[in-house]
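Enquirer: Chain residues, written in single-letter form:
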Amino acid sequence: MTGTVVVTGVGVTSPTGLGAADHWTATCQGRAAIDRVTRFDPERYPARLAGEVRGFVAEEHLPSRLIPQTDRMTRLALVAADWALADAGVSRGDLNEFDIGVVTASSSGGFEFGEGELRNLWSKGGQYVSAYQSYAWFYAVNTGQISIRHGLRGPSGVLVSDQAGGLDAIAQARRKIRKGAKLIVSGGVDASLCSWGWAALLTSGRLSVADDPDRAYLPFDARASGHVPGEGGALLILEDAASARERGVSGWYGEIAGYGATFDPRPGSDREPGLRNAVRLALRDARADPGEIDVVFADAAATPELDRAEAEAIAAVLGPRAVPVTAPKTMTGRLNSGAGPLDLVTALLAIRDGLVPPTANVAPDPGYPIDLVVGAPRRRAVRAALVLARGQGGFNSAVVVRAPEPGHARPPAVPAELADPP
Amino acid sequence: MNQTEFKIDDLRRVLREAAGTPEEVDLEDDILDMEFEVLGYDSLALQETGSRVERVYGIELEDGAIVDARTPREFLSTVNMRLADLDAG
Numbered sequence: 001m002t003g004t005v006v007v008t009g010v011g012v013t014s015p016t017g018l019g020a021a022d023h024w025t026a027t028c029q030g031r032a033a034i035d036r037v038t039r040f041d042p043e044r045y046p047a048r049l050a051g052e053v054r055g056f057v058a059e060e061h062l063p064s065r066l067i068p069q070t071d072r073m074t075r076l077a078l079v080a081a082d083w084a085l086a087d088a089g090v091s092r093g094d095l096n097e098f099d100i101g102v103v104t105a106s107s108s109g110g111f112e113f114g115e116g117e118l119r120n121l122w123s124k125g126g127q128y129v130s131a132y133q134s135y136a137w138f139y140a141v142n143t144g145q146i147s148i149r150h151g152l153r154g155p156s157g158v159l160v161s162d163q164a165g166g167l168d169a170i171a172q173a174r175r176k177i178r179k180g181a182k183l184i185v186s187g188g189v190d191a192s193l194c195s196w197g198w199a200a201l202l203t204s205g206r207l208s209v210a211d212d213p214d215r216a217y218l219p220f221d222a223r224a225s226g227h228v229p230g231e232g233g234a235l236l237i238l239e240d241a242a243s244a245r246e247r248g249v250s251g252w253y254g255e256i257a258g259y260g261a262t263f264d265p266r267p268g269s270d271r272e273p274g275l276r277n278a279v280r281l282a283l284r285d286a287r288a289d290p291g292e293i294d295v296v297f298a299d300a301a302a303t304p305e306l307d308r309a310e311a312e313a314i315a316a317v318l319g320p321r322a323v324p325v326t327a328p329k330t331m332t333g334r335l336n337s338g339a340g341p342l343d344l345v346t347a348l349l350a351i352r353d354g355l356v357p358p359t360a361n362v363a364p365d366p367g368y369p370i371d372l373v374v375g376a377p378r379r380r381a382v383r384a385a386l387v388l389a390r391g392q393g394g395f396n397s398a399v400v401v402r403a404p405e406p407g408h409a410r411p412p413a414v415p416a417e418l419a420d421p422p
Numbered sequence: 001m002n003q004t005e006f007k008i009d010d011l012r013r014v015l016r017e018a019a020g021t022p023e024e025v026d027l028e029d030d031i032l033d034m035e036f037e038v039l040g041y042d043s044l045a046l047q048e049t050g051s052r053v054e055r056v057y058g059i060e061l062e063d064g065a066i067v068d069a070r071t072p073r074e075f076l077s078t079v080n081m082r083l084a085d086l087d088a089g
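So the protein sequences, as listed, match chains A and B. Sequential numbering from 1 applies to the first sequence in this note's numbering. Sequential numbering from 1 applies to the second sequence in this note's numbering.
One or more of the hints may lead you astray.
Pairwise CB distance ranges, derived in the manner of DEER restraints [to be verified]:
{"hint": "1", "chain 1": "A", "residue 1": "E60", "chain 2": "B", "residue 2": "M34", "range": "25 to 33 Å"}
{"hint": "2", "chain 1": "A", "residue 1": "H61", "chain 2": "B", "residue 2": "L86", "range": "37 to 45 Å"}
{"hint": "3", "chain 1": "B", "residue 1": "D42", "chain 2": "A", "residue 2": "D94", "range": "25 to 33 Å"}
{"hint": "4", "chain 1": "B", "residue 1": "E60", "chain 2": "A", "residue 2": "A58", "range": "31 to 39 Å"}
Far from chain B, some chain A residues (derived; all Cβ distances over 12 Å) [what the hints assert, rightly or not]:
{"hint": "5", "residue": "G157"}
{"hint": "6", "residue": "P369"}
{"hint": "7", "residue": "V374"}
Derived by calculation from the structure, the hints in this document are not laboratory data. All values derive from a computational prediction rather than experimental measurement. Backbone N, C-alpha and C fix where the C-beta goes; we use that ideal spot for every residue, glycine too.
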């Protein structure tokens, strides 16, 4: 064991694409996937836009036995896990089942499933409630179902810290590997775009009520007025580098090099929010100088106060306008626990291809001391990226990912549309 | 003679609705004496299946009786005993 934890596989189920390749192409093209909600009728709600995963037919990917017992978020997670394991070239029998675990994040559990069963309970009676309700709506159900499907019996768990949870899960997975696990499937996939989930999301008071998809989620823009929620996320295969080499893996996406997490001071306190310290802790953990960071993937809350706190935290640690900052989540909406893992995958692909994807739709407010990438992707060698995520209630998390050592990179795959500019 | 009898095709249908179709086995084969475990149905799948049978046939099945059924033949027998009780009552 080296203590170095690398990412050897990724799986994406996101509004921007089913599969990492489609997600990366759409993201580099700045193709936003935000639109009017179709999963339920949003007409009577103040917020009506979301980033939905379109065209996902669970039955095409999963055995029939899993359909009656799974919420949408679990189906999306199971498929992302399948793809991540395949991408990492892991198959049953490669490793001891007790050396492989699953650590995911969840922000709400299986809301759509739960809503259906609560409806059955109150409209028809208790005997109409599915026996699978007993676990289908649990926070930990994605971890459990992935573990069962692939026979992974190593250290496992679930992290619940709102939108910061996805990064916290990755950090927990790294801890488990440093304690002896060889491989952990980690990340997060959330999906609560149902009327019950929507009612819960509305209580944040932070949802955009705009009806124009191009003007609804505008972080770091003078017109910022809240965010659009989305569904989906990503799962990553984390491995001890030495163990990965032992099983014959020669190339990976990068290293989970640093992590920092803080909690905000109580509301009304005059102390500063915790994000700046989370960034410093992550850099220290990665033994990285601020100058080493080539790009920041912002949390991008899209409320003036939170945007200011984030821009100032980035500028305070890395220098004002010193490093490109981007928020591809403007194309997916905020994915709760799926956000951090999806940004990590995007950051790793930015490292692989030397391309920083843009922030969609935003006209940056020059009052923020950051260099926001908008319009077109920016070509730039990326050796290290910083990914930020904040969860409502005071959670701040930061992860530093580093490029693989020379000779260990995955081959680049620049989307064809971008490889040959007209 | 019972007015209603719960037959193997009824069980096949309810199993599919309740818990999906197993990949390893063809439910249309002669499954009467195959164990549910071999068919790929666990205790929760049987509980959900039993619950649907209760609703459709207006009977009550004890949880234990359903989960104790190891094979479709035993499941059918449990259900048909209750149906007979219903007719007799």
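Enquirer: Which hint numbers does the structure go against, in order from smallest to largest?
Expert: none
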